[in-house]
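J.: Given the structure of chain A, go ahead and fit chain B onto it with the hints provided.
Chains A and B, in that order, are what the protein sequence lines are.
All residue numbers for the first sequence refer to the working numbering, where the first residue is 1 and numbers rise by one.
All residue numbers for the second sequence refer to the working numbering, where the first residue is 1 and numbers rise by one.
I should point out that these hints are in silico values taken from the structure, not numbers from a laboratory.
Heads up, some of the hints might be wrong.
[Said to hold, decoys possible] List of simulated lysine to aspartate or glutamate pairs, EDC-like, C-alpha gap at most 16 Å:
hint, chain 1, residue 1, chain 2, residue 2
1, A, Lys47, B, Glu130
2, B, Lys279, B, Asp429
3, A, Lys47, B, Asp438
4, A, Lys99, B, Glu217
5, B, Lys345, B, Glu77
6, A, Lys47, B, Glu420
7, B, Lys403, B, Asp373
8, B, Lys148, A, Asp51
9, A, Lys69, A, Asp59
10, A, Lys54, B, Glu126
11, A, Lys47, B, Asp421
12, B, Lys511, B, Glu266
13, A, Lys48, B, Glu130
14, B, Lys240, B, Glu534
15, B, Lys125, A, Asp59
16, B, Lys329, B, Asp352
17, A, Lys54, A, Asp65
18, A, Lys54, B, Asp143
[As the list claims (entries may be wrong)] Now the stretches of chain A that chain B is said to cover, found in silico as 3 or more residues with beta-carbon under 8 Å:
hint, segment
19, 36 to 46
20, 150 to 163
21, 261 to 267
[What the hints assert, rightly or not] Partial chain A-side listing against chain B, Cβ under 10 Å, derived:
hint, residue
22, Arg55
23, Asn56
24, Gly84
25, Arg88
26, Tyr91
27, Pro170
28, Ala172
29, Gly175
30, Arg276
All C-beta atoms in this analysis are idealised placements derived from N, C-alpha and C, irrespective of residue type, glycine included.
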Amino acid sequence: MVNNGVLQLVQYLLRRIVTIILALWLIVTLTFMIMHSVPGGPFASEKKLPDVIKRNLEDRYHLNDPLSKQYINYLNNLIHFDLGPSFRYEYRTVNDIIKTGFPVSAILGALAIAFALVVGLLAGIISALRQNRWQDYLAMVLATLSFSVPIFILSGLLMYFFAYKLQILPSAMWGTWQQAILPTLALAALPTAFIARLMRSSMLEVLQQDYIKTARAKGLSERVIVLRHGVRNAVLPVVTYLGFLVTDVLMGSFVVESIFAIPGLGMWYVNSILNRDYTVILGVTIFFSAFLMLMNFFVDLTYVVIDPRIKLVDRKDV
Amino acid sequence: MKRILLALMVLAAFVLAGCGDDKTKDTAGKANGPQLIRYNVGTEPKTLDPAKSTGSPEATIELQMLDGLTRYDANQEIKRAVAESWDISKDSLTYTFKLRDAKWSNGDLVTAHDFVYSWLRAMAKETASEYAYQFFYIKGAEDYNSGKGKKEDVAIKALDDKTLQVVLNAPAPQFLGLTAFQTYFPVNQKVVEGNPNWFTDPKTYVCNGPFKMVSWEHNQKIVMEKNPDYWDAKSVKLEKLEIYLIENLDTSFNMFKNGQLDQMNEIAAQELTALKDSKELKIMPDASVYFYRFNVTRKPFNDVKVRKALALAIDRKALVESVTKGGQKQAYAFVPFGFKDADGKDFRRNGDNYFKEDLEEAKRLLAGAGFPDGKGFPRATIMFNTQGNHQKVAEAIQQMWKKNLGIEVTIQNVEWQVYEDRETKLDYDIERAGWSPDYLDPMTFIDMFVTNGGNNKTGWSNREYDRLVSEGKSTGDQKVRMESMHRAEKILMDEMPVTPLFFYTHPIMIKENLKNVIVPPFATDADFKWAYVE
Numbered sequence: 001m002v003n004n005g006v007l008q009l010v011q012y013l014l015r016r017i018v019t020i021i022l023a024l025w026l027i028v029t030l031t032f033m034i035m036h037s038v039p040g041g042p043f044a045s046e047k048k049l050p051d052v053i054k055r056n057l058e059d060r061y062h063l064n065d066p067l068s069k070q071y072i073n074y075l076n077n078l079i080h081f082d083l084g085p086s087f088r089y090e091y092r093t094v095n096d097i098i099k100t101g102f103p104v105s106a107i108l109g110a111l112a113i114a115f116a117l118v119v120g121l122l123a124g125i126i127s128a129l130r131q132n133r134w135q136d137y138l139a140m141v142l143a144t145l146s147f148s149v150p151i152f153i154l155s156g157l158l159m160y161f162f163a164y165k166l167q168i169l170p171s172a173m174w175g176t177w178q179q180a181i182l183p184t185l186a187l188a189a190l191p192t193a194f195i196a197r198l199m200r201s202s203m204l205e206v207l208q209q210d211y212i213k214t215a216r217a218k219g220l221s222e223r224v225i226v227l228r229h230g231v232r233n234a235v236l237p238v239v240t241y242l243g244f245l246v247t248d249v250l251m252g253s254f255v256v257e258s259i260f261a262i263p264g265l266g267m268w269y270v271n272s273i274l275n276r277d278y279t280v281i282l283g284v285t286i287f288f289s290a291f292l293m294l295m296n297f298f299v300d301l302t303y304v305v306i307d308p309r310i311k312l313v314d315r316k317d318v
Numbered sequence: 001m002k003r004i005l006l007a008l009m010v011l012a013a014f015v016l017a018g019c020g021d022d023k024t025k026d027t028a029g030k031a032n033g034p035q036l037i038r039y040n041v042g043t044e045p046k047t048l049d050p051a052k053s054t055g056s057p058e059a060t061i062e063l064q065m066l067d068g069l070t071r072y073d074a075n076q077e078i079k080r081a082v083a084e085s086w087d088i089s090k091d092s093l094t095y096t097f098k099l100r101d102a103k104w105s106n107g108d109l110v111t112a113h114d115f116v117y118s119w120l121r122a123m124a125k126e127t128a129s130e131y132a133y134q135f136f137y138i139k140g141a142e143d144y145n146s147g148k149g150k151k152e153d154v155a156i157k158a159l160d161d162k163t164l165q166v167v168l169n170a171p172a173p174q175f176l177g178l179t180a181f182q183t184y185f186p187v188n189q190k191v192v193e194g195n196p197n198w199f200t201d202p203k204t205y206v207c208n209g210p211f212k213m214v215s216w217e218h219n220q221k222i223v224m225e226k227n228p229d230y231w232d233a234k235s236v237k238l239e240k241l242e243i244y245l246i247e248n249l250d251t252s253f254n255m256f257k258n259g260q261l262d263q264m265n266e267i268a269a270q271e272l273t274a275l276k277d278s279k280e281l282k283i284m285p286d287a288s289v290y291f292y293r294f295n296v297t298r299k300p301f302n303d304v305k306v307r308k309a310l311a312l313a314i315d316r317k318a319l320v321e322s323v324t325k326g327g328q329k330q331a332y333a334f335v336p337f338g339f340k341d342a343d344g345k346d347f348r349r350n351g352d353n354y355f356k357e358d359l360e361e362a363k364r365l366l367a368g369a370g371f372p373d374g375k376g377f378p379r380a381t382i383m384f385n386t387q388g389n390h391q392k393v394a395e396a397i398q399q400m401w402k403k404n405l406g407i408e409v410t411i412q413n414v415e416w417q418v419y420e421d422r423e424t425k426l427d428y429d430i431e432r433a434g435w436s437p438d439y440l441d442p443m444t445f446i447d448m449f450v451t452n453g454g455n456n457k458t459g460w461s462n463r464e465y466d467r468l469v470s471e472g473k474s475t476g477d478q479k480v481r482m483e484s485m486h487r488a489e490k491i492l493m494d495e496m497p498v499t500p501l502f503f504y505t506h507p508i509m510i511k512e513n514l515k516n517v518i519v520p521p522f523a524t525d526a527d528f529k530w531a532y533v534e
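So that you can see chain B by itself, here it is in the shape it has in the complex:
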């Protein structure tokens, strides 16, 4: 028996040692060819049909293989892509796009008819796309989607093979940017009609973007190579792109340290402290806000003095420096940095802060609301979804309120969907929330809090606020729009149905020899069109 055991152990030792040699060569990275990037996007995509995808991992994968009318560059400027030029009518309602000579990877030409087909398909009722509402700016789109209107009445027309014309319901300056968005990506009519599951198979995934799909192993990786038929192929330096679909953050981090990955989209918060001096950690901007909602239909949060007192008694500096630690910015207003104002400067910088922390004022407000030194304040609960740092943030705020105002709150974590359900039903006192933009315009934050808005979820209502939002949505005059949004934001911060805590950042790990990878502040996580390995 002993001998058998010994033999087994020796055998095992050989096996372990034997595989060592070829593995180290394998993970060296450079041995795989010079222009390759291995990037972990962090999850298996729900779909790769651009008409139906909603998440940023899906958008990120599709962005490498498809090119819309426009594309964002490294400075978040809208640049020409399949559209060579465009013309916007004086009333800001009619957009006419001129297309360049571009090809699909199967040799077909990319025409205006492709866009008409793709967009109508995405908004068709039968497609049941979640993001069909991204088309609701276009005349007739909402009616067609709901089944009330006809396909022919949607105001999208191919005037000829190279000219696409779109008419909007109302001025929407964000529309141009939307044409760089996944839902507006073109698909090849022949291919899609030939096989409803065309997007699952690399052989039928016909692309018009920088890369094309070679293989897709579910929950493992998607391999892409440079698309030689891309109209701008000369700008693409990367030969091969491997997109990993690995969800576990620790695993992904280990693979990065091990040399199995060159870039990862997300890093676990607990690693950030140790990585402070690492040159491979990059803190990228993220145009999203982390905030707390107050349920204004419940006492005592119906009193603006209580809401303000709570908001003023949070030490946001301590929160970002000792709790979240990812370089987040303290937030004293609702719209994050990264949106352009009418004068071309940053909307947030122009608007500046709307309040500041002030313990004396907070105590005075609380006393004014009938709770001197927190006496008699009912026991309230902070609800948050069981994820990431939310618990630590809630605990810190719980402590701050206790110390600063003498108020005791309990904290409660609930599973994500239960949390969604309860916030929609206004079944909470105070809850954690976050918001990231749908498009690059402050309106995506401001229009949340109109009376009974689907994303309001606080019960708050203000007529002047509603008026300012509809004013901002009905004009194409940037000056007027921006002014009404600034004023609306001021009302929001005066009334404080929500209190902003900080603006998000997007910490990523990236090898130092990777250049020109774009990490946008919203919608997609990376663009490798111009990327290369040094």
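Here chain A stands alone, though its shape is the one from the complex:
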């Protein structure tokens, strides 16, 4: 039975990994095709280049090869985890861009997630426990506000008040912990609000369940009821959302990174496309997709830990 279970698990894991690889291949292929069908190229310039010069450039980057050959070369390099050089910043490889950009985005993202989780969960739980009282109203008004203010406006406001008016925080750039505060708040606002609302409604629902009544009847302390039985069950939707949130936030935000001049990964999603920097477009797309799929995979695994009723492998198969 145990062996059988382990085998099932291994099979499940293999299946997931194969799916991920297939999906990645599909993404690479589609991106490759779409990218090359858009007008322009990495060496477009307002001033027309002499034909000789253009040919030299295209020779150097093998852009004269047939697309099929370029595609196969790319896949071959990809298997060796080589994402190629950037066309625009030729001294930088895409691997290097991800290696330097991702940690910055990830640190900022992790700070934002930590903030969103702590504040969002607390606000949600308190609102649910103090339903229709002032704590609830306050938290939900704040949540609705930060939910509806666009991130670039919020970033601008934060910068205006804390950096320009009060002069207590630097307005932009990256390197010191002071510089991390404003972008963290900007980035965390929406997820915090979302988590607070999610947690509140989920918690309200759970608190009306029979087993909570049972727990109360058994005379368990309010603390144990709320934490052990309430929160643990109510937090599942938040965990689902977390998989998405982690990818979304850790991978960097174009808006926040642009406004606060942070050298993360976020800017590359947009700039690489504007520059037709083919290898960077592909590289960051692949990295983002792989990360997103892995995150979803981990979330699925986490369910099992949090909720014993959920099994990775369907019982009936065993």
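T.: Quick look at chain B alone, frame taken from chain A:
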């Protein structure tokens, strides 16, 4: 729970208040040492290898660290730099440069061989430099670049360590100025051959200019300090120069107001009105033109009467005063101000305006073309790239044509590369365009519109115009050259395949205590060689 929340809030308040103290000291500016300028160039450089860089941000950064044979001064005069003197042969083809005693920051001497090596490297096919064509004036350069000719046949020679000789294909008075240009900057052979990515690392970025690189944080800043080995180090007063690489204009502006920056290269157009009375806003000259192209291969723009009618019905004064608001000058000719004529005066002032706005004339022309009061005029589109003020300018012109001529046009914004693609394929009716000079001579504007020229992009062709351009390019006689360019420009404005709208300006923000910063009208955005903080 409440208590935890309260505790968190108190903690947050402490954190916010706590960092306040040290930050204000940090941003005070003067605390960082007296001779420091913090300048935002506005973007991460694509490269800092002078042979391969093309943009003005790259050129600006390199100009602080490298010195060519010549260098422009505050009046845009070509001054001696590494070259101590030069001699130009009677036929204007052979240039002989005498080099001064100058050193690299690693102690090596800057020799004529360095220039030969650097220039040949920049034009080599393998280097695949976009700006290799800046060398095509030199005999044998184009053939070598295309792979048809040999390296040895390029007419650049080091006669000895201190003497460099160059032979041109045809007279090119702009050549001397080009030697102050990034593509013509020298690099140190030993260093470059030792490490192909030498320019990415401050340790291997060997300089011969006023400053040397200390650090380079991508998308953040490049820090430089005074180069004590520079031949003219006594003229350099600045101890430290920080060049910021921040793209977002609002962020940059906030940092300037906040005291984190002393100078910024560009200012968002919407801020200009509020800054009208600010002493920190400076409107610098920019030798570039903003114009509209007509696609003369399409009806009705194949008719010169239609093109002229449209051009005469634009209120350029209103455009610069209420739309662009950056002190731009109305343009009634194509070549901007700032180019010297044969008599030493300004080319534009000598040439003056070629047309003026005239509603009656415009209506008469339009009727003559078969569209009285705009009746029957096909619906045309103004295409522009999605950037800056282009939309506002297009909307204003759309209104003017509707009100003045009864013509309805639509406006369409497209992403920059799509716009490039479509203009090259002549897939437009009317399009917005701009042009900034490659070198300080009117020819960089005039030779755009020769038949099938790569930058013509209108389909327009005129044999007399072509003849005048080739006449101007084949002689070293300034008088003849300038005269043929004036005549060519007149033809261009008579035929109107393009209609100029205004001459650009370069609004910058600069702290009042910064002195002697040069902001050139083209090619580079700033030169800090002589700059200091008061």
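J.: Next step is simple, just say for each hint if it's right about the structure.
T.: How the hints compare with the structure:
Between lysine 47 (chain A) and glutamate 130 (chain B) the CA atoms are separated by roughly 10 Å; this keeps the pair inside 16 Å, and the hint holds. Taken as a hint, the lysine 279 (chain B) and aspartate 429 (chain B) pair is broken in the structure, with Cα atoms around 42 Å apart against an allowance of 16 Å. The hinted pair formed by lysine 47 (chain A) and aspartate 438 (chain B) meets the criterion: a straight-line CA distance of about 10 Å does not exceed 16 Å. A distance of roughly 14 Å separates the Cα atoms of lysine 99 (chain A) and glutamate 217 (chain B); the hinted pair therefore holds under the 16 Å criterion.
The suggested pairing of lysine 345 (chain B) with glutamate 77 (chain B) holds, with an alpha-carbon distance near 13 Å, which does not exceed 16 Å. Proposed proximity of lysine 47 (chain A) and glutamate 420 (chain B) is supported: the alpha carbons are some 10 Å apart, at most 16 Å. Of the supplied pair hints, the one linking lysine 403 (chain B) and aspartate 373 (chain B) holds, its CA atoms being roughly 10 Å apart against a limit of 16 Å. Using a Cα cut-off of 16 Å, the hinted pair lysine 148 (chain B) and aspartate 51 (chain A) holds, with the two alpha carbons roughly 14 Å apart.
For the given pair, lysine 69 (chain A) sits about 14 Å from aspartate 59 (chain A) by alpha-carbon distance, which is consistent with the 16 Å threshold. Between lysine 54 (chain A) and glutamate 126 (chain B), the direct Cα distance comes to roughly 12 Å. Compliance with the 16 Å bound is thereby established for this hinted pair. Note on lysine 47 (chain A) and aspartate 421 (chain B): the hinted pairing holds, with a Cα-Cα distance of about 12 Å set against a maximum of 16 Å. For a cut-off of 16 Å, the pair hint linking lysine 511 (chain B) to glutamate 266 (chain B) stands: about 14 Å separates their Cα positions.
Taking the CA atoms of lysine 48 (chain A) and glutamate 130 (chain B), the gap is near 10 Å; set against the 16 Å cutoff, the hint holds. The hinted pair formed by lysine 240 (chain B) and glutamate 534 (chain B) meets the criterion: a straight-line CA distance of about 14 Å does not exceed 16 Å. At roughly 10 Å between alpha-carbon atoms, lysine 125 (chain B) and aspartate 59 (chain A) fall within 16 Å of each other, so this suggested pair holds. With a CA separation close to 13 Å, the supplied pair lysine 329 (chain B) and aspartate 352 (chain B) stays within the 16 Å bound.
For the proposed pair lysine 54 (chain A) and aspartate 65 (chain A), the alpha carbon gap of about 14 Å is at most 16 Å, so the pair holds. As the CA atoms of lysine 54 (chain A) and aspartate 143 (chain B) are separated by approximately 15 Å, the hinted pair is consistent with the 16 Å bound. Counting residues of the segment 36 to 46 of chain A whose beta carbon lies closer than 8 Å to any beta carbon of chain B gives 8, which reaches the threshold of three, so the coverage claim holds. Given as covered by chain B, the segment 150 to 163 of chain A passes the check, having 5 residues with a CB less than 8 Å from a CB of that chain where 3 are the minimum.
Counting residues of the segment 261 to 267 of chain A whose beta-carbon sits less than 8 Å from any beta-carbon of chain B gives 3, enough to reach three: the coverage restraint holds. A distance limit of 10 Å between C-beta atoms decides the matter here; for arginine 55 (chain A) the minimum to chain B is near 8 Å, and the interface restraint holds. The interface hint given for asparagine 56 (chain A) is met, as the beta carbon of that residue sits about 4 Å from the closest beta carbon of chain B, less than 10 Å. At its closest, the beta carbon of glycine 84 (chain A) sits 16 Å from a beta carbon of chain B; the interface hint therefore is violated under the 10 Å criterion.
Taking 10 Å as the C-beta contact cut-off toward chain B, the hint placing arginine 88 (chain A) at the interface holds, the least distance being around 6 Å. Taking 10 Å as the C-beta contact cut-off toward chain B, the hint placing tyrosine 91 (chain A) at the interface holds, the least distance being around 5 Å. Among the interface hints, the one on proline 170 (chain A) holds; its C-beta lies about 6 Å from the nearest C-beta in chain B, closer than the 10 Å criterion. Hint status for alanine 172 (chain A): holds, given a least beta-carbon distance of 5 Å to chain B, under 10 Å.
Among the interface hints, the one on glycine 175 (chain A) holds; its C-beta lies about 8 Å from the nearest C-beta in chain B, closer than the 10 Å criterion. Hint on arginine 276 (chain A) holds. Least Cβ distance to chain B is approximately 6 Å, under the 10 Å limit.
Of the numbered hints listed earlier, those contradicted by the structure are 2, 24.
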